[in-house]
Amino acid sequence: MIIAEQKPLEEIRRMIAPYERVLILGCGTCMTVCGAGGEREVSLLKAALQLAQARNGEQANSFTEYTVKRQCDLEFLDLLADRVQEVDAVLSLGCGIGVQTLVERFPDLPTFPGVNTSFMGAAKEWGVWDERCAACGECRLGDTGGICPITRCTKGILNGPCAGAKHGKCEASKEMDCAWILIYQQLERLGQLERMRRYYPPRNYQVIPRPHRLVIKADIEAGGGHA
Amino acid sequence: MISSSVDIPVRHRRIVPRQGSFDHTLVPPCQDACPLHMEIREYVDLIAQGRVLEALQVIREGNPFPSICAYVCTHPCEEACRRGQVDNPIAIRALKRFAVEFGGDRMVRPEAETKYEEKVAIAGSGPAGLAAAYYLRKLGYPVTIFEAHSELGGMLRVGIPKYRLPREVVDTEVQRLTQMGVEIRANSPVISLDLLFQMGYKAVFVTVGAHQGLRLGIEGEDSPGVVDGATFLREVNLGLKPAIGERVAVVGGGNVAIDAARTALRLGASKVSILYRRSREEMPADPVEVEQAQEEGVEIQFLVAPTKVQQDTKNLTLTCIRMELGEPDRSGRRQPVPVQGSEFSVAIDTLITAIGQAPRVPEDFRLRIGRGSTIRVDPLTLTTNREAVFAGGDAVTGPATVTQALATGRQAALRIDDYLRHRYPAVSKPGRQTLTGDLQPKTIEMIRKHNRLEPPVLPPETRTKEFAAIELVYDWESAVREGRRCLRCGMGAEILFQDKCATCLTCLRVCPYHVPFVGEGGVIQIPADQCQACGVCVGECPAKAITLRKPRDRRQIDGELDHVIKAAGESKVKPLIVGFCCQYGLYGTGTLANLWRESKAGIWVVPVLCVGKLESEQILRAFGMGAEGVFIAGCGQEQCARENTAFWVQQRIAKVRKVLTQIGMEPQRLQAVNLSGGEDNPAAVLDRFTEQIGEFCLASAIKGEVRT
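Heads up: the protein sequence lines correspond to chains A and B, in order.
When you line the first sequence up against the numbering used here, it's residues 31 to 257, in that order.
When you line the second sequence up against the numbering used here, it's residues 936 to 1643, in that order.
Simulated from the structure, these hints should not be mistaken for lab results.
Computed from a predicted structure; not experimentally measured.
By construction, the Cβ of each residue, glycine as well, lies at the ideal position given by its N, Cα and C atoms.
Hints may contain errors.
Stated by the list, open to error - Covered stretches of chain B, going by a simulated chain A footprint (3 or more residues, C-beta under 8 Å): (1) 1441-1449; (2) 1544-1555; (3) 1585-1598.
What the hints assert, rightly or not - Taking lysine to aspartate or glutamate and the EDC-like style, the derived pairs with C-alpha atoms no more than 20 Å apart in a straight line are: (4) Lys1050(B) - Asp1434(B); (5) Lys204(A) - Glu161(A); (6) Lys37(A) - Asp108(A); (7) Lys1593(B) - Glu41(A); (8) Lys1435(B) - Glu40(A); (9) Lys1501(B) - Glu1563(B); (10) Lys76(A) - Asp1497(B); (11) Lys76(A) - Asp1622(B); (12) Lys1384(B) - Asp1353(B); (13) Lys76(A) - Asp138(A); (14) Lys1249(B) - Asp1284(B); (15) Lys1590(B) - Glu41(A); (16) Lys1435(B) - Asp108(A); (17) Lys1137(B) - Glu1052(B); (18) Lys1435(B) - Glu105(A); (19) Lys1384(B) - Asp1497(B); (20) Lys1073(B) - Glu1053(B); (21) Lys76(A) - Asp1247(B); (22) Lys1243(B) - Glu1154(B); (23) Lys99(A) - Asp1434(B); (24) Lys1593(B) - Glu40(A); (25) Lys1590(B) - Glu155(A); (26) Lys1509(B) - Glu1601(B); (27) Lys1590(B) - Glu161(A); (28) Lys1384(B) - Glu1563(B); (29) Lys1590(B) - Glu40(A); (30) Lys1400(B) - Glu1181(B); (31) Lys1507(B) - Glu1412(B); (32) Lys76(A) - Glu116(A); (33) Lys1243(B) - Asp1157(B); (34) Lys1638(B) - Glu224(A); (35) Lys1638(B) - Glu88(A); (36) Lys1435(B) - Glu95(A); (37) Lys1593(B) - Glu35(A).
The task is simple: from the sequences and hints, build the whole structure.
Laid out in structure tokens, this is it:
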């Protein structure tokens, strides 16, 4: 799940200031789940923007609200075709992917991000999320007892722990568990401590140039499919 | 394969209900158990809000004579009440009594006009007859009630003792019927139905009751000094004072036996014993009344049956035998079996037999009679073997309850209307779904326990001296408190917009009662029979996919807010302050009414049915509509039905304060305040808040001037 956080109101206000008619567009998937840009946040943001304008004696914008199932797929954005005719700009509460898909679908329409896309993570409890994956492209979880050192170790080291852990906590923050101690404990539980003794070479940052593209369909014309 | 059905895209097939226009509530168990199917949940909730006039209105819509039921209903609703699974059931009958007394039922003047010319005769003026008359009159028929006794009411008059049902209550209802235009003929037993048809009546409702006491079938039963319960109560209730002597024995275990025993005490008997052949568990009488009878000094001997009565010169000698319980019989109760050689004798002055009653229907009625001398009818249409003759009440069912009789009376009126209007009887009404099922233990555990408040009763030593009503009425505060215990079964939350649901699990995580769960295929379910309708998930669902089942619950806050802001706009008082106040605790108990008079002007109150239902958006809207300050006042923790209301209020306050801060407004413009007593005078609390808001306004005005 992609986790994001709404931008400060002031920043949002500055971005949309030049536009009179603004569509506040929520996303019904990750942004709804993490509470950054679902239907509720869309209407709260609208109310907040209106209040801010009223308190500052500014001319009121015309805001429309809408939430699509997923902003990162063009087909869902097709549902907006009529709506975007009537606005001067879109304030997207989708993640960075959503914003870019919007731009691709409606290239003539100024589109602004309302959230800062932060990380990929999971809910710890209601209202609390933790980062769990860095999308590094070389998953090592099989060697580390299912605990990711890239995201959960502050240093992201592949052969831990470093010498900085104290009472199971990271030297960077007493609130944070040392990922490598967690890994050790988990491997011990699984009886796989030998994995700790192996040396893991550094990741190859040069393998795939950004941006990544993943293709799972077979290239039939090049002879990859059944004859 | 070609499908024959037209394939309509899902998007177009779905009928999206307009938010706010539908009622998805389920029929709660109390309503389902009520013979009259009264909207119990609704009126209990209104009482909890202190809206007693409206509560009475709801009651009157479902019950022709609420004042009577308020005294004598056997309240099957309370047996069904699911609060009983948590602590004790809601005292529904006592709350109805409160609504009747405090809601001004005495002032109600039902009106009726004659729309049809077909006259309807009602033979018998018991609850079924009176109810039929009421509804037939409401429907527009000329109605005549024929009553054998000098006064109307049937068992209400001659059966139920005055200490349970004051006669003024019956008088008032009868008088109302007269005012509605019902013709009343007392001292007029109906001997022949043919005669009624000759008199021009087009339909007859036979509701002659079950006044004939059943016989014990023992030796000496016809001796002087032996009387059946129904006859005894009738004589006492009609003002005769039968000489019963000092020692009275009552045989039987039903309500009539209890009534007879307690009446005998009030007539001056010094020793009253009830003899019942089974044990307390099998006793059909209302346990509360059994207890009250024992408090008054009635002695109950279980597992004892009379075998013989002998008359001596001075008194009666009653021979009894002890019983033990054997195998269960057809009624499921264990069959009493005599214990050989356990006979014993007691000397008494009067023996009252109260082992049941049967109807006595004149033969000339030519009605088909079934088991237990009752009239045979079609249970849905109440029609008998004779054309245009309907029957109901105890004469059909054998001795039953007042509320059942009222329900039959209403049914009879509707079916007679169908008959006279030549309509096919509309007997099956497609209704809402009924809520069934028990509360799960983990939900019960989280429900705040509040014990049932019983209305006060007269002390036993006072009440046996006279026939005055022994139960008193709740005071205002107790009634509101008792009403607040209602779990509002079937009014909870539902995921109305499954397509919006992002299965984020917020509802599951925030629910204080562990109700939502992940069902088959990963779909979130909020079971209606478990939901406690607190509204927390509704206010937190990021997709706004969850709503409360009751339309009023959804619209109430927004509607009131609009109303308040509009009214405030017309007033010139500054600064404008909006207060979201709990309608249960503050309105219900009148705290707010006092504040009204005492606090400074400029405060506008939006009543909220629990502040836990208030959403951040609504608070922000109040500011957006021009409020300079907003306060939220709950009912106070002690009374609140919920443990964690304050937590959710604080969460929402924090969220809105963050917005206020970003806009440059002081976060203290939004506050939770405690108006429910405590150490501070509520008016002073609000005055301080108003003052603070005044200062903020002044500061921002100065800032504004500096800026320009």
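Can the restraint linking Lys1509(B) and Glu1601(B) be considered satisfied, given a maximum Cα separation of 20 Å? holds (18 Å)
Are the Cα positions of Lys1384(B) and Asp1497(B) separated by 20 Å at most? violated (36 Å)
Given the hinted pair Lys1249(B) and Asp1284(B), is their Cα-Cα distance within 20 Å? holds (8 Å)
Are the Cα atoms of Lys1400(B) and Glu1181(B) separated by 20 Å or less? holds (15 Å)
Between Lys1384(B) and Glu1563(B), is the straight-line Cα distance small enough, at 20 Å or below? Roughly 39 Å between the alpha carbons, so the hint for Lys1384(B) and Glu1563(B) is violated.
Are the Cα positions of Lys1501(B) and Glu1563(B) separated by 20 Å at most? holds (15 Å)
Next pair to validate is Lys1590(B) with Glu155(A); report whether the Cα-Cα distance is within 20 Å. holds (18 Å)
Against the 20 Å threshold, does the CA-CA distance of Lys76(A) and Glu116(A) hold or violate the hint? With a Cα-Cα distance of about 17 Å, the restraint between Lys76(A) and Glu116(A) holds, given a limit of 20 Å.
Checking one constraint from the list: CA of Lys204(A) to CA of Glu161(A), max 20 Å. Satisfied? Holds, at about 17 Å.
Assess, step by step, whether the Cα of Lys1507(B) is no farther than 20 Å from the Cα of Glu1412(B), and give holds or violated. Violated, at about 36 Å.
Would you check the hint for Lys1243(B) and Asp1157(B), treating anything up to 20 Å between C-alpha atoms as holding? holds (11 Å)
Could you grab the alpha-carbon distance between Lys99(A) and Asp1434(B) and see if it respects the 20 Å cut-off? Within the cut-off at roughly 9 Å; holds.
Of the hints listed earlier, those the structure fails to meet are numbers 4, 6, 8, 11, 12, 13, 19, 21, 27, 28, 31 and 34, in rising order.
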